[in-house]
Amino acid sequence: MKKKKIILLASIFTLLICWSACNKKETAIAPPLPGNEALTTMIITATNAGDSTDVRTAKWIELDPTGATPPDTSLAVLNLKKNASYNVTIQLLDSLTDVTPEIKDRENYHLFCFDVSSGLNLTCIQTDKDTNPTPLPIGLTDLFTTTAVSNGHVEVTLHHQPNVKNGDCAPGSIDMDCTFTVNITN
Amino acid sequence: MKQQIAIMSLLFTIICANNAKAQQPNMQDKPGFIFGLTGGLSAPGGNYTKTDFNDPKSGFAGPGFNIGVTGTWFINKNWGINALISYHSYSFKGLQVLADGFKDAFAIDSSTVNTQGSNYSMNFLVGPYYSLPIGKKFSFDSRLLVGLVNAHLAGMQMFFEDQAASTFTQKESTANTFGLQLGIGGRYAISKHSGIMLNIDYFYSKPDFSINYENRNNNAGRWITSYNEPIAGLNTNLTLYYILHP
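Line by line, the protein sequences are chains E and V.
Just so we're aligned: the first sequence equals residues 1 to 186 in the working numbering.
Just so we're aligned: the second sequence equals residues 1 to 246 in the working numbering.
The hints are simulated quantities; they were obtained by calculation from the structure and are not laboratory data.
Stretches of chain E that chain V covers, calculated by requiring three or more beta carbons in the stretch to come under 8 Å of a beta carbon on chain V: (1) 96-109; (2) 129-138; (3) 159-170.
Predicted model only: the values in this text are computed from it and were never measured.
Ideal Cβ positions, reconstructed from N, Cα and C, are used throughout, including at glycine.
Assemble the whole structure, with the sequences as input and the hints as a guide.
Put into C-alpha cells, the structure is as follows:
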C-alpha cells in the first residue's frame, strides 16, 4: 500500500515538473481601434524677424476625412516679403480642437517636411528639436527665408515616424499633407 | 532538460519504492545525509511583478515554478549543513499592458509584443539546517541558505503592424548576484530511508540587469537601460527525500 502511494506521489511530481518545464512563448496584441479622428486644419503663422508687426497667416482646411470633398484652400495663401526671414509656427486642429500640444508631446516620432516648388525663392528650415538620444528636427517652429520676388507652392507634410525617425522625410507614413500658395512680393 | 528531470524523478521513484519495504523510520535517529528532489510553485512579488507601463521598476513577471536538488549533511540529530541547486522560472504578466502602452506611446494603429526567452534563475545556495524531530515519523525543519544566483530577464519584440520597419527588440539579459532563501517545512518519513517534505521558502535576490535593444531609435514609451529590482517571493514545495544513515 505504501509502495503504491509513493509511486503515485512521485509520478504526480514527475508529471508536474515536466508540465511546468515547458517553455511557453507569449504574445499580446493591441488591435486597431476604429474611428480615429483625422487632422482637419493646418495654420501657418509667419512673423517677420525684422518687423514683428508683419505677421502673415495661412489656413488649410479639410473637414471631410474621407477626402470625398476637396479641401478648402481659399485661405491657404501665404504672402511674404522678398529678402526677409520669417519665424514660423505651425498649428494643427482636429475640427475645432487644437492638437498641436499632442504633436509636441509626440515630437520624437513626428516631423514636418517642406517641399518648395521650383521657381519659388523660399527656403524652409525646422528650428525646433526633439528629445531623442540624438535630437532631431520637428518643424512646429521654422525659419522661412525669402529672396527674390516669385510665386509658387509649398507642400507641408506631417510625417509619423514611430521608431524610424532619423531626420529624413522618407521613413514612416504621412499624417497630413497640405499645399499652400506662396507669393513673394516687394 | 525535461528528459533529464523526468529520468531523475523516475529513478527516485524506484529508489523510494525499493526502500518502502518493512523498514521502520525513526526521526529520533541521527540521519547522516539527506538527498532530496524538490519542486513546486514560485510566487514572486514586489516591483518584479508590477505591470505599470510608465513605471521603469515594473518587471511584468508572474508566478512560476521551481525545481531543484537538495542535500543535507547532519552534524548531529538537529543541526546540519544544507545545499540547494535550484531552477526558478517565472511566467509573464501584463503583456497586454505593454502592447497597449507602445501602441499609445507611438500613436500607431496596432502593436504586438512577442516574448523572447523566459524569466528564470539558477540558484546555488548553502547554509545551516535545523531539524526538530516530533515523534518517530515527523520532524519540523528549517534552513537559511545564501549563495550565488544567476538570473535571466526575458527579451521582448515590439512589432508595429502599420510600420514594420519600426519593429524593435529588448534583448534578453543575464546577471549574477548573491541571493538568500529562508525556509520552514514538515518532513514525514515514509520508510527508514525515504519520505516527503512540504516546505515554504522565502527567496530573495537583486540582480542588476543591463538592458540593450536592437533597432530602438526614438525616445517614446517604456525605455529602460537597466533593471535592478528584487526578485523575491515564496516557494511552496514538495520534496521527495532519501536518507543515508551513518
